[in-house]
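Peer 1: Please arrange chains R and X on chain P, whose structure you already have, making use of the hints.
Listed in order, the protein sequences are those of chains P, R and X.
Under my numbering, think of the first position of the first sequence as 82, with each following residue one higher.
Under my numbering, think of the first position of the second sequence as 82, with each following residue one higher.
Under my numbering, think of the first position of the third sequence as 82, with each following residue one higher.
Careful: at least some of the hints might be erroneous.
Identical chains share a label here; the pair holds if one copy fits it or two copies do between them.
Within a straight-line C-alpha distance of at most 30 Å, the following computed DSBU-like cross-link-like pairs (lysine-lysine) qualify [unchecked claim]:
(1) 512 / 700
(2) 736 / 512
(3) 660 / 390
(4) 665 / 700
(5) 601 / 736
(6) 700 / 658
(7) 417 / 660
(8) 659 / 700
(9) 665 / 417
(10) 659 / 736
(11) 390 / 659
Since the hints were derived computationally from the structure, they do not count as laboratory data.
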Amino acid sequence: MESNYMRGRTNRIEFGVDYYPDQWPRDMWERDFERIRNMGAQSVRMMEFAWAILEPERGRFDFALFDDAIACAANCGLSVVLGTPTATIPNWLYRSAPSVMQIHPSGGSRPFGIRRQPCYNAPAYRDACTQIVRAVGEHFGANPAVVGWQIDNEIGHEGSDRCVCEHCRAQWTEWLRATYGIPAAMNEAWGTVFWSQTYASFDDVELPASDMHLVHNSGLLLDYYRFMSDSAVRHASAQADILRTYIPDSAWISTNLYAPPTGTVIDMEDLNAKMDFPGYDNYPVWGDMDEPLPWYFNAYALSYIRGLKDTGNYTIFEQISGFQGHTCLGYRPNEKEMISFTHQAIALGADRLFYFRWRTAAWAQEQLCSGILDTDNEDNDRLRAITCNIATRSAEYNRFAHLPFEAQACLVYDRDNSRLVKFQHLSRGLKRHIGMIAEAGYDQEMTRSFAPFSIFGVNADVKSARSVDLSRYRIISLNVYQMTDPAFVRRLEAWVQEGGTLILGWRTGARTTDNHNSAKALPGEFSQLSGVRISASESLNETRVGVRIGCIPVQGEVWADVLEPVTACVLARYSGKKKFYAGKPAITENRYGAGRVFYVGTSLNPAGVFLLYRSLFRKAGVPHRFAGLGLEVVRRRCQDGSEVEVVVNHTDRAKWYRCNRIPAWDFTLLPL
Amino acid sequence: MESNYMRGRTNRIEFGVDYYPDQWPRDMWERDFERIRNMGAQSVRMMEFAWAILEPERGRFDFALFDDAIACAANCGLSVVLGTPTATIPNWLYRSAPSVMQIHPSGGSRPFGIRRQPCYNAPAYRDACTQIVRAVGEHFGANPAVVGWQIDNEIGHEGSDRCVCEHCRAQWTEWLRATYGIPAAMNEAWGTVFWSQTYASFDDVELPASDMHLVHNSGLLLDYYRFMSDSAVRHASAQADILRTYIPDSAWISTNLYAPPTGTVIDMEDLNAKMDFPGYDNYPVWGDMDEPLPWYFNAYALSYIRGLKDTGNYTIFEQISGFQGHTCLGYRPNEKEMISFTHQAIALGADRLFYFRWRTAAWAQEQLCSGILDTDNEDNDRLRAITCNIATRSAEYNRFAHLPFEAQACLVYDRDNSRLVKFQHLSRGLKRHIGMIAEAGYDQEMTRSFAPFSIFGVNADVKSARSVDLSRYRIISLNVYQMTDPAFVRRLEAWVQEGGTLILGWRTGARTTDNHNSAKALPGEFSQLSGVRISASESLNETRVGVRIGCIPVQGEVWADVLEPVTACVLARYSGKKKFYAGKPAITENRYGAGRVFYVGTSLNPAGVFLLYRSLFRKAGVPHRFAGLGLEVVRRRCQDGSEVEVVVNHTDRAKWYRCNRIPAWDFTLLPL
Amino acid sequence: MESNYMRGRTNRIEFGVDYYPDQWPRDMWERDFERIRNMGAQSVRMMEFAWAILEPERGRFDFALFDDAIACAANCGLSVVLGTPTATIPNWLYRSAPSVMQIHPSGGSRPFGIRRQPCYNAPAYRDACTQIVRAVGEHFGANPAVVGWQIDNEIGHEGSDRCVCEHCRAQWTEWLRATYGIPAAMNEAWGTVFWSQTYASFDDVELPASDMHLVHNSGLLLDYYRFMSDSAVRHASAQADILRTYIPDSAWISTNLYAPPTGTVIDMEDLNAKMDFPGYDNYPVWGDMDEPLPWYFNAYALSYIRGLKDTGNYTIFEQISGFQGHTCLGYRPNEKEMISFTHQAIALGADRLFYFRWRTAAWAQEQLCSGILDTDNEDNDRLRAITCNIATRSAEYNRFAHLPFEAQACLVYDRDNSRLVKFQHLSRGLKRHIGMIAEAGYDQEMTRSFAPFSIFGVNADVKSARSVDLSRYRIISLNVYQMTDPAFVRRLEAWVQEGGTLILGWRTGARTTDNHNSAKALPGEFSQLSGVRISASESLNETRVGVRIGCIPVQGEVWADVLEPVTACVLARYSGKKKFYAGKPAITENRYGAGRVFYVGTSLNPAGVFLLYRSLFRKAGVPHRFAGLGLEVVRRRCQDGSEVEVVVNHTDRAKWYRCNRIPAWDFTLLPL
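With the rest of the complex left out, here is chain P (with noise of 0.2 Å):
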């Protein structure tokens, strides 16, 4: 059965709230899920961490806490998503077989009493995946209160998408076998002469664990992480494959993600495969932060969720509710700013959202990730901002929240781009950590790409190389894209030719498909788009270069391409003392047939950002307008064909746009 985006849809945006009853007296169920009716949502999440009520021992199976919390959820009105309980294990499945547990390559095994520890390679947890899979989507599956489910729980999160176990070694083997098929490819492939690396078997290869100050080789990384990824993607795909022998067709499945968008090796586009739309859990504040992220990521991380599939909007499984860390707090942001985060989601496409969660669990790792109530079960002022913010404005949201989104721009992300700097990172400013694990250096240069559309008001998509379809859009913006694959590039000519505007960032074209660098001269296959070449380049890390855009001083960071215009003309040049490249082209454009084609050499101060983009958008002829510092503007199309503009504030203060004034962090539509 094919996936199918209109499954669970309706002509209204679906609130929510995610809900634990096993984590509360049974006496306290009815009342809960009355008040959360009476919050205004019509569904609850649950059991997406409950395996050992679900099978506390194996084979023996317990329905009976769920059946009775779905009746009782049904009872007050409200429909049932039920998570598969896979992210944990019970305690008898890892004593049964301690191997299951991760290994990450930094050395750290995971332990019981955590979650995601098991592997997704381990013959032992695959089986009993498979078990529960077929058993909760037997007994739950033909419930009429259970209209959707979501797989596991934040695959891939937390580090959990990098393991060298045994299990993983075993698989590792095959996986290279089916890739290359003879041990020469691959060490053609991986360059293995070089510090004579070369291998007689596929038996012989190792998974990279510890590499002491030397890092191993690039050929062997990459498919490592490409191997990582399938892993995880075949665990996610088979639970779906086996929910859906078992639910009615109008039940959907889909899982949650989780920021930073590229954070891990997991193609995101290939999880999403068998889900029927994706989910996205939104906290723009965790832990220890102290100011929320840019509104401008969180865009671009909404707008990357939303591309993951070609049909359309997206499903917020945990929408931040309060404030929220394991062992470290952070910014607090007040009840209106928590209700910005709820704009903004539907305003970039969000269809359906859960509140993250009904109230603060009184121990365990999350005592410190604030629920809608406090664990003292008091009526607050979250609650009450939630309540009337459904009960005032979801007929606004009701105008467009169902309905496609449409761009005229779209940033490109290549996921195998993104694997590669997270071991050869470049520059320094291309090596951002979120916590110990998370690499988001790909995402920090994503965002800045992504930002000029969301400060100008050009509706951008954010797909994937190998998915987007250029004829939708009159924009392309890629960055980072290094390893090249030649087919797209033919295709970004003949879409250029025909009058699109190409902006190429930075490093563009360096490599081939297989990581190795470009025979051709820089930018590569690039080189006839683009009308330059790369005479040099430098790595700032994080020192800055002048450039100048006409005779306006801006800066560049991170990296420097030095260009020499072939048949571009020059926009920017570098400046400064200090560079010997100083007075060299920073920023070319070249006419290509009807189109155009940027070459950024650096990556843009915001000022650059915003001089290159207002003067990028006047020549492409794309409406744009900078409405304010803190003001996102996403133009949607309604119900009765019109347009509006959602006019989302992000700051502490009104705000006026179009003469009209949006009070601090709220939300207006505007007619267009």
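Peer 2: Frame of chain P; chains R and X shown alone:
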């Protein structure tokens, strides 16, 4: 036999020196002891690392060296304090049972050749300790020159308070069984329903080693810390029990602690239960510090030591005599400053004090730990300064040093609450490490609460919540007291009712004694006493928030509780453009019976502390006086019943106090 | 057969290129060699990582590829230098003996797929090395095109100087037995009485792996470093011995070292004992550095290499030709600056120089290590710059390059003293790491002491205390020389007596050759020479102290020895309000016989160095001249017996010197 503080006490302060006869040629001893005697000392401490000499092979004991050294010291008129040598193990013990070595949760295992390697739960170590302590007790116990004993050395220091070895694993199961009886009780206390952590048997619960980004269950961690503490306490207590059977009633037993006070997980009150009085190693500057610890931190630490036993004063087993470090050095106090650390220690309750050490070792790990003499053995300024100080100032010390310390105020800490913030630190402002292992965040907050007493010359004790006798005090300060014992709150209520002044810090009352989130609105059990309600909280990490006390702007750090007065009145409000809670109360005062309760929602900066406490002491009717920056004023009762002010100048220039000039780093006694 | 510097020498500078025929299609070779020849090179280096090609299975050798390549090169008029391929191992060796892999004391073990993984003490590796070196020696030794040999590659680099594997453990026992004879001697030397570390047998002494916060015994650590050094030296020397039996007398043997000079524990004089001359890989900028190393650091490093053999000059096996890094890049030198590194290397004694490498590898770990050509194989500015430089400047180089370097001054380092501060760094100001593993603190202090010679144009050598021939020099500089050999002090005394000028740095004389604290008052053995006594010391870490030279304020860093003149007079005093030793002497001068001894108690900042040395050179009657910032002036003897000044401009703008204009990054020869 009960512990007895009066053991070994005289009516004058005693001085001694740490001396290692095993480290110097026999022909140097007599001259050394004579010089020590000439310096003014009455005693030498020795033997605390000498296991390899005392028992060169298993079961073969050799006491000759120390018999000789004790006799030699006694001939020179010096009494002797002996350490049990269990802080390092001889090579034969390691060889015969390598598994005695600790394994730290961070992954490191301890090698032979350093100290404090063995695990308190390793049977081979426990047995060997019993044998050696029996042997030294039996052999030296009745020697009339031996007046006191030190158990082990700095138990739990340098990370040795935590171990996850196989022996601990076995004991842990027993500890859990003894604590909870049935697994269900443990599951309930820990909330193991969360993330499917439920255990069927105590045998299944592992020790919390590596955690790979995610933290372990908070209930498990807390119990692990309690278990580790019990293990260390059993180790020390067993030795005291053995020694008591061999030593005369006049000989005393103690053990030496170290800074920071709550840096380990060990309950130091428990550890001192079998001791006659507490002991401390006093190094206000050590290793690579660029300046000494603030004098009020030392005041807090020394007061904490004094407060570990109800009966009174304490011994300094190691008093800094030069400058020190293992691999790196730092700030060099001059001789006057070095002596000032002696003044302070005595002012705050020390009545016996050994200088570390007679002469710097030529080799091994402490080549950079300066003794009184350098390795060159020549008379130097340090020896002259100590000699002069003992000769000329002992009369002043002796007026008060052996009498109990009387205090009007008490800072109350709590062992479990200090453990909690080691793994759930709430704010980066509360995550402070000394070296690689010791956590000092809790002590930093305690110091902030203790400093105002020091600064305003109000004698204050430091006592644990479980041992404090409220009736002795007029002011009680209680901060970061999250895990709340309702019985203690009831006692506080009665005490405030009678006129006490209670200062509550942020997060007070947030948890139960099981570390569950309070089921009551915060500040939970303290709601009535404080007359406030916490409407929101923010973690400030390293940032700051404005606070206005009246119209004077000060600042809050670490954390901000936003207060809603119920019956309390407002003393200070938050300020600042960026905070949604600007204008909301930050500090309140509540009249309760004849007393007052202050709730301080943030960690005030020094200006804020100064303003708040000046006003608070006035209201509480407690005599106080700001002596000036760097002046510490302590009141002590003298032998003749009069009271004096001991005024210590902690600065490098002369200061005036009550028309008296106190030279740099000097002290004076002023009658009241 | 003895090593012989004259092997391979001509009367002109030789240029070459590092070329990897195994990494490029056969049909590219001839064109490559032609272009290399056209560039002006006479030689190519190859084969140093090619074990897997040379011996694809154990005992099956295949020399075809390199036979072909050597013939091809020779046909193009190029001589060939071959590397023994033992810096990586082929997979079959790893498979057959996995325990050959090193285990670093930090815990990491080295995986297959990187370089320098095998342990020098692993029998399987040692045997395999013997076989392959014999095989290549036998096969290629007599080939007339092969003019020289490089042993292994960068021995000890990237942490491979330390290993704690089982094979090392076994050898360690033997090393200790050979060194000490009986355990009692070792116990005495290490002071194992401390902390009960006494060993009954050499078998009981473990290698110092993890230390968990506490450091190991300093005697043990020092011996471990000596043992590791001996292991690496035996590895290199064994290869040289084998090769000598196969190669003609005209062929030379060397090995390539790397920066920083004392970054590893290996005694590089020992390592070069069997070599004909020293070799170096010269990368003044590498990886993610934001700017190149200071030119006077490179001057120190190159002089250190030159000083490793008494006989004279050295070869650069890898000279930077572009910009480089494994995973991250940084500062990009332009072509002129890149060539300036060649000028400096030759000015300071290089007479043979291979550029690394011909063309950038397309794949594997060094994709970002730029060759002369990029992977695109097109002529570029780098090739043009090198070609032009060789063509137009060789005549100037040839006037002096093959003649010995003559120096008036010598900076004396000491291998054991450099090892000591690796684990007992005294001051954070002396704890500098390059990358994760290499310690550069000692080299930083050496550079501070070497810089004044460079800055004032005083030719200086860098020699070890054990090999320096004092009679060659008028000035000797000796710094951080803690472990003091009394025999060397006696030699210095005689030399000063005769008129030498000796500069002693802080901490000089503090220890014995066994690393025991000196039993004499500091500066111990140097007391009479210096005419001072150290009354106190402070570690400044990253702070600074004021120093007044006359009335001019400068600053001291890292450390401060407080001096008491005995026979010396005072040149500078400490200053500053916060230091108790303000006003005390910081620098002294002592007349001793016909000579002078300066004691410098702190690490002076540049202004202080400038003032002190200007005065010092004057007193010593040594010609000196401050050429200006960024100008390096070196005197060299020419073939015709005349002397020239080689003036290198290390800046990006033209400079004037003696009425001559030296363009940016250029050099000139001026007659004297």
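Peer 1: A separate judgement is required for each hint: does it hold in the structure or not?
Peer 2: Results for each hint:
1. 512 / 700: Cα proximity of residue 512 and residue 700: none, with 34 Å in one copy and 53 Å across.
2. 736 / 512: Close neither inside one copy (35 Å) nor across copies (39 Å); limit 30 Å.
3. 660 / 390: So residue 660 and residue 390 fail the 30 Å test inside a copy (45 Å) and across (39 Å) alike.
4. 665 / 700: within (23 Å within a copy, 51 Å between copies)
5. 601 / 736: neither (51 Å within a copy, 39 Å between copies)
6. 700 / 658: neither (32 Å within a copy, 41 Å between copies)
7. 417 / 660: between (47 Å within a copy, 13 Å between copies)
8. 659 / 700: neither (33 Å within a copy, 39 Å between copies)
9. 665 / 417: Only across copies: residue 665 and residue 417 sit 17 Å apart there, 48 Å inside one copy, limit 30 Å.
10. 659 / 736: between (42 Å within a copy, 16 Å between copies)
11. 390 / 659: Intra 47 Å, inter 39 Å, cutoff 30 Å: neither.
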